[in-house]
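Take a look at the letters that make up each chain.
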Amino acid sequence: MNGSEKPPAAGRFAELARLTPARIALGRSGVSLPMHEVLRFGLAHAQARDAVHAPFRPDDVATALAGLGLETLAVASAARSREDYLRRPDWGRSLSPESLTAVEARQGRFDLALVVADGLSSTAVHQNAAPLVEALLPHLRRQSLSLAPVVIASQARVALGDAAGQALGAGMVLVMIGERPGLSSPDSLGAYLTFAPRTGLTDEARNCISNIRPGGMGFAEAAFRLAWLIDQGFRRSLTGVGLKDESDAALEAGGAGGLIPEG
Amino acid sequence: MGYRVATGTRSYLFSDLKELMAKATPPRSGDRLAGLAAGSMEEMMAARMALADLPLRTFLHEALIPYEADEVTRLIIDGHDAAAFGPVASLTVGAFRDWLCSEAATTEILAKLAPGITPEMAAAVSKLMRNQDLILVARKCSVVTRFRNTLGLAGRMAVRIQPNHPTDDAAGILASTIDGLSYGCGDAVIGINPASDSTARIAELLRLLDDVIARFDIPTQACILTHVTSSISLIEQGAPVDLVFQSVAGTQAANASFGVTLALLQEGLEAGRSQKRGTVGDNVMYFETGQGAALSANAHHGVDQQTIEARAYAVCRAYQPLLVNTVVGFIGPEYLYDGKQIIRAGLEDHFCGKLMGVPMGCDICYTNHAEADQDDMDTLLTLLGTAGVNFIMGVPGADDVMLNYQSTSFHDQLYIREVLGLRRAPEFEDWLLRMDITDAVGRLSAGQGGQALLAAMQDRAA
Numbered sequence: 007m008n009g010s011e012k013p014p015a016a017g018r019f020a021e022l023a024r025l026t027p028a029r030i031a032l033g034r035s036g037v038s039l040p041m042h043e044v045l046r047f048g049l050a051h052a053q054a055r056d057a058v059h060a061p062f063r064p065d066d067v068a069t070a071l072a073g074l075g076l077e078t079l080a081v082a083s084a085a086r087s088r089e090d091y092l093r094r095p096d097w098g099r100s101l102s103p104e105s106l107t108a109v110e111a112r113q114g115r116f117d118l119a120l121v122v123a124d125g126l127s128s129t130a131v132h133q134n135a136a137p138l139v140e141a142l143l144p145h146l147r148r149q150s151l152s153l154a155p156v157v158i159a160s161q162a163r164v165a166l167g168d169a170a171g172q173a174l175g176a177g178m179v180l181v182m183i184g185e186r187p188g189l190s191s192p193d194s195l196g197a198y199l200t201f202a203p204r205t206g207l208t209d210e211a212r213n214c215i216s217n218i219r220p221g222g223m224g225f226a227e228a229a230f231r232l233a234w235l236i237d238q239g240f241r242r243s244l245t246g247v248g249l250k251d252e253s254d255a256a257l258e259a260g261g262a263g264g265l266i267p268e269g
Numbered sequence: 009m010g011y012r013v014a015t016g017t018r019s020y021l022f023s024d025l026k027e028l029m030a031k032a033t034p035p036r037s038g039d040r041l042a043g044l045a046a047g048s049m050e051e052m053m054a055a056r057m058a059l060a061d062l063p064l065r066t067f068l069h070e071a072l073i074p075y076e077a078d079e080v081t082r083l084i085i086d087g088h089d090a091a092a093f094g095p096v097a098s099l100t101v102g103a104f105r106d107w108l109c110s111e112a113a114t115t116e117i118l119a120k121l122a123p124g125i126t127p128e129m130a131a132a133v134s135k136l137m138r139n140q141d142l143i144l145v146a147r148k149c150s151v152v153t154r155f156r157n158t159l160g161l162a163g164r165m166a167v168r169i170q171p172n173h174p175t176d177d178a179a180g181i182l183a184s185t186i187d188g189l190s191y192g193c194g195d196a197v198i199g200i201n202p203a204s205d206s207t208a209r210i211a212e213l214l215r216l217l218d219d220v221i222a223r224f225d226i227p228t229q230a231c232i233l234t235h236v237t238s239s240i241s242l243i244e245q246g247a248p249v250d251l252v253f254q255s256v257a258g259t260q261a262a263n264a265s266f267g268v269t270l271a272l273l274q275e276g277l278e279a280g281r282s283q284k285r286g287t288v289g290d291n292v293m294y295f296e297t298g299q300g301a302a303l304s305a306n307a308h309h310g311v312d313q314q315t316i317e318a319r320a321y322a323v324c325r326a327y328q329p330l331l332v333n334t335v336v337g338f339i340g341p342e343y344l345y346d347g348k349q350i351i352r353a354g355l356e357d358h359f360c361g362k363l364m365g366v367p368m369g370c371d372i373c374y375t376n377h378a379e380a381d382q383d384d385m386d387t388l389l390t391l392l393g394t395a396g397v398n399f400i401m402g403v404p405g406a407d408d409v410m411l412n413y414q415s416t417s418f419h420d421q422l423y424i425r426e427v428l429g430l431r432r433a434p435e436f437e438d439w440l441l442r443m444d445i446t447d448a449v450g451r452l453s454a455g456q457g458g459q460a461l462l463a464a465m466q467d468r469a470a
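One line per chain: the protein sequences are P and Z, in this order.
Every letter in the first sequence is one number past the one before it in the working numbering, and letter 6, counting from 1, is 12.
Every letter in the second sequence is one number past the one before it in the working numbering, and letter 209, counting from 1, is 217.
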């Protein structure tokens with residue numbers, strides 16, 4: 007049994023259930039949910055809660071990225087515990103003093119910094135961060151972008167990427183982070199792109215692609231859209247509300263083959 | 009001027025009214041995040057003792073957010089009805105609580121009082137009230153609104169069908185809508201949160217819902233929860249807009265972060281009314297609010313989140329809304345940490361809104377990073393049903409697959425109707441009976457009345 011999978015519904019309403027991932031045509035016992043639906047919901051909620059609280063394994067992420075030939079650097083935010091993280095978004099946005107020093111020690115002149123952050127779902131990061139980076143790398147090579155060491159950040163929110171990107175001396179930062187888990191999607195990864203990262207930026211300075219996971223937006227499509235935004239962001243020297251995602255047109259023009267760059 | 013209180017063990021000084029209000033507030037993570045919360049339980053009680061002694065009229069001449077700096081403050085002060093306030097003008101906040109709980113405060117008297125109550129007064133007295141007081145008094149308040157049916161009558165509770173879909177797929181949305189109608193939901197509104205902000209896409213969704221309502225002659229209204237400027241431009245393009253939606257907050261700066269001003273809301277109201285699509289009334293606005301919105305936009309002026317939330321109801325009140333929905337647990341644990349804080353906030357919001365004459369409903373909800381679960385939602389649903397909430401959400405299986413949070417379900421509304429005997433809006437109740445979806449006592453029909461609705465689906469497929 008999987009909490010986010012749907013069992014077949016009975017009766018004529020069964021047709022409806024196939025049209026949406028929403029929990030419809032559930033049947034009832036009196037006014038109440040049938041037992042198996044109560045259990046299915048409870049399982050999905052448990053999986054989503056576990057995704058929020060499951061310990062982040064930065065070493066596993068580092069190993070996977072090393073397998074792609076990438077250097078990594080593990081850091082922590084100023085939030086020391088999961089409870090601190092949940093109560094104090096401001097702490098999750100800043101690097102701990104030791105981590106800031108460690109990142110500054112790697113300062114250089116890089117086009118792009120990648121940050122992999124646990125966010126609200128370490129499950130999403132464990133399952134989907136390395137495959138997304140793998141799909142993205144051929145695009146970045148084709149664009150001849152220099153990459154900073156990949157920052158792997160614990161108890162981190164999106165804006166921590168601003169501090170990390172700035173400390174590394176990167177022209178743009180891409181934060182791949184576990185999204186707030188839904189019952190039907192405990193494993194969604196979000197990707198946030200910010201030009202000229204520096205502390206104090208807010209969400210209107212970023213472009214975002216969300217719901218990256220096998221059951222949502224696939225890795226090849228997400229990588230294509232991100233590569234398009236990175237390319238356009240450098241051409242126009244901006245990201246955020248001034249940069250509309252028009253990668254649809256490029257996707258259609260290139261067809262399915264456009265997802266995988268040559269060379 | 010400051011407020012000094014001795015508790016017997018020591019004395020506390022609160023430097024101004026907003027500090028007193030913040031420190032008197034029952035504990036919540038958002039006030040702690042903002043650095044406004046009381047430092048100890050005793051300090052919180054000292055603040056409540058000082059607040060209880062404060063004359064209620066103080067709020068009319070001492071603004072928490074300056075009049076010059078904030079158009080919401082100007083709305084509150086300029087729009088205050090001194091005559092309505094008269095009967096309680098001489099009371100302290102504490103005596104006001106006693107009076108509200110007394111037999112003297114009847115439904116009729118509370119309705120006449122509402123225009124005299126500012127949000128700061130409502131917030132202040134709520135901070136001195138236990139959960140049972142919030143329920144007892146809110147239950148006496150009646151706020152009735154109309155568009156194609158009559159909402160807010162005593163002993164009745166309506167439900168919004170929330171048929172969201174991750175990609176706005178029309179067939180998927182229609183499937184959830186039909187399922188909801190077959191459970192007797194949808195009298196508050198059939199309201200979609202769109203995934204897309206494309207105007208063309210939203211116009212298609214409006215036509216989809218308009219077709220369902222027209223086809224089955226359902227006495228209800230539709231809404232796409234998009235920005236007020238989108239609704240205005242959709243109306244100009246001739247799209248069938250029943251209700252004009254907007255998220256609002258309790259300060260000018262927080263509203264600016266939502267891209268709205270009071271003048272823009274007035275434009276939305278006039279555009280909505282120009283359609284004359286209501287059949288029994290012209291309450292055309294649907295607002296959503298929630299504690300913490302102002303702080304998250306860094307627009308709280310050092311005022312506690314519950315007081316700011318009550319100020320949002322003053323914004324709503326000015327536009328005679330059909331529905332005002334506090335989306336209480338959506339914002340996350342940095343503002344309301346757990347089930348206890350969400351439950352308290354839901355009762356406060358409902359009470360403050362009703363006392364001010366606002367047609368309050370509640371999205372009884374939580375996110376997966378909050379310390380809450382469906383048991384907490386059952387508790388809040390039971391409490392708000394008892395308190396006379398105007399409407400709640402009906403989300404399929406309580407799981408919103410687009411917004412990724414949990415709310416109340418089609419089944420949950422059946423539960424609360426069964427336990428408390430709550431009926432649907434009268435026009436909608438008649439329709440359900442005609443359709444054989446419910447029986448004469450409002451229970452789901454033993455027959456298959458809802459099956460007739462499936463025709464909409466089959467025609468679509470054909």
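Among the hints, a few may not be true.
As the list claims (entries may be wrong) - Distance ranges between label pairs, derived from CB positions: (1) P103/P / G94/Z: 57 to 67 Å; (2) G33/P / E212/Z: 54 to 64 Å; (3) S204/Z / E89/P: 19 to 29 Å; (4) S243/P / S206/Z: 24 to 34 Å; (5) A256/P / R215/Z: 43 to 53 Å.
Claimed, not checked - Which chain P residues face chain Z? A few, computed with CB under 7 Å, are given here: (6) I30; (7) L39; (8) M41; (9) H42; (10) L45; (11) R93; (12) L189.
What the hints assert, rightly or not - Heads up, simulated EDC-like pairs for lysine to aspartate or glutamate below, C-alpha to C-alpha not over 20 Å straight-line: (13) K284/Z / D205/Z; (14) K348/Z / D381/Z; (15) K348/Z / D386/Z; (16) K284/Z / E435/Z; (17) K348/Z / D251/P; (18) K250/P / E435/Z; (19) K348/Z / D90/P; (20) K120/Z / D106/Z; (21) K284/Z / D218/Z.
The hints are simulated quantities; they were obtained by calculation from the structure and are not laboratory data.
Ideal placement from N, C-alpha and C gives every residue a C-beta, glycine not left out.
Task: Hints the structure fails to honour - done: Hints 2, 3, 5, 8, 9, 10, 13, 17 and 18 contradicted; others consistent.
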